[in-house]
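Starting from the given sequences, assemble the full structure and let the hints guide the process.
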Amino acid sequence: MKKCLTIISILLTTYAFAQQTTTTTIATYPKTVGYFSVVHPLVTVDKDETVYNFSNGAYTVGFPFGINVLTSNTAGFSLEIVPLIRSTNGLSRTSNVLFHPGYIIRRPHGFNIITRAAFETAGRYGASLVFNKVVAKTKTNNFFVSTPILFRVGNDRPASLALALQLGISF
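Mapping to the numbering used here: the sequence shown position 125 is 125, numbers consecutive.
These are calculated hints, taken from the structure and not from any lab test. Please note: incorrect hints may appear among the correct ones.
[Stated by the list, open to error] The calculated lysine-lysine pairs, modelled on DSSO-like cross-linking and capped at a C-alpha distance of 27 Å, are:
hint : residue 1 : residue 2
1    : Lys139    : Lys31
2    : Lys31     : Lys137
3    : Lys31     : Lys133
[As the list claims (entries may be wrong)] Derived DEER-like restraints, expressed as beta-carbon distance ranges:
hint : residue 1 : residue 2 : range
4    : Leu91     : Arg157    : 38 to 46 Å
5    : Val38     : Ile105    : 36 to 44 Å
6    : Asp156    : Asn73     : 42 to 50 Å
7    : Ile26     : Asp48     : 51 to 59 Å
8    : Gly123    : Ser72     : 18 to 26 Å
9    : Thr88     : Lys31     : 14 to 22 Å
10   : Phe151    : Phe65     : 19 to 27 Å
11   : Ile67     : Pro108    : 30 to 38 Å
12   : Phe151    : Ile81     : 16 to 24 Å
In this text the structure is predicted, and so the values were computed from the model without any measurement. Glycine is no exception: its CB is placed at the ideal position from the N, C-alpha and C atoms.
Following this line, the structure appears as structure tokens:
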């Protein structure tokens, strides 16, 4: 009986100390992420005309940068500033600066939907709906592609709807 108790004690002790603990990585929120990107307006439509980027010898490009405060796996807030440069007939200038605060709806697999308010120094304002997808990840950066859909009013111009393409990196 004594031998039986000794063997059981040894087996129980071995199993008790042989258990491995697993650790899971849980993201800590809030989490702050910065980013920089390049945006190319593709087309703008209003009641009077349709204007394509690169038409009539003009080209517009923007350089969005911002900070995202991620509050959970499914939500966050964003503040984006976009200086826009317009080149016409060989001359370029900063034509506008866009202040673009928004709410991030985070979806699985690196897909995000961002709703943004829009306030332009050129006198226009409105809203933007941005569809964003992370296309490549590294240990420290994410590379993303976005499709902003822009709605603007104001400054004695007709309401407009525009489509753009945005490529960027978050860090």
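For each hint, the structure was consulted:
no. : hint                       : in the structure
1   : Lys139 - Lys31             : holds, 16 Å
2   : Lys31 - Lys137             : holds, 17 Å
3   : Lys31 - Lys133             : holds, 19 Å
4   : Leu91 - Arg157: 38 to 46 Å : violated, 23 Å
5   : Val38 - Ile105: 36 to 44 Å : violated, 24 Å
6   : Asp156 - Asn73: 42 to 50 Å : holds, 44 Å
7   : Ile26 - Asp48: 51 to 59 Å  : holds, 53 Å
8   : Gly123 - Ser72: 18 to 26 Å : violated, 36 Å
9   : Thr88 - Lys31: 14 to 22 Å  : violated, 41 Å
10  : Phe151 - Phe65: 19 to 27 Å : holds, 22 Å
11  : Ile67 - Pro108: 30 to 38 Å : violated, 23 Å
12  : Phe151 - Ile81: 16 to 24 Å : holds, 19 Å
The structure is inconsistent with the numbered hints 4, 5, 8, 9 and 11, although it conforms to all the rest.
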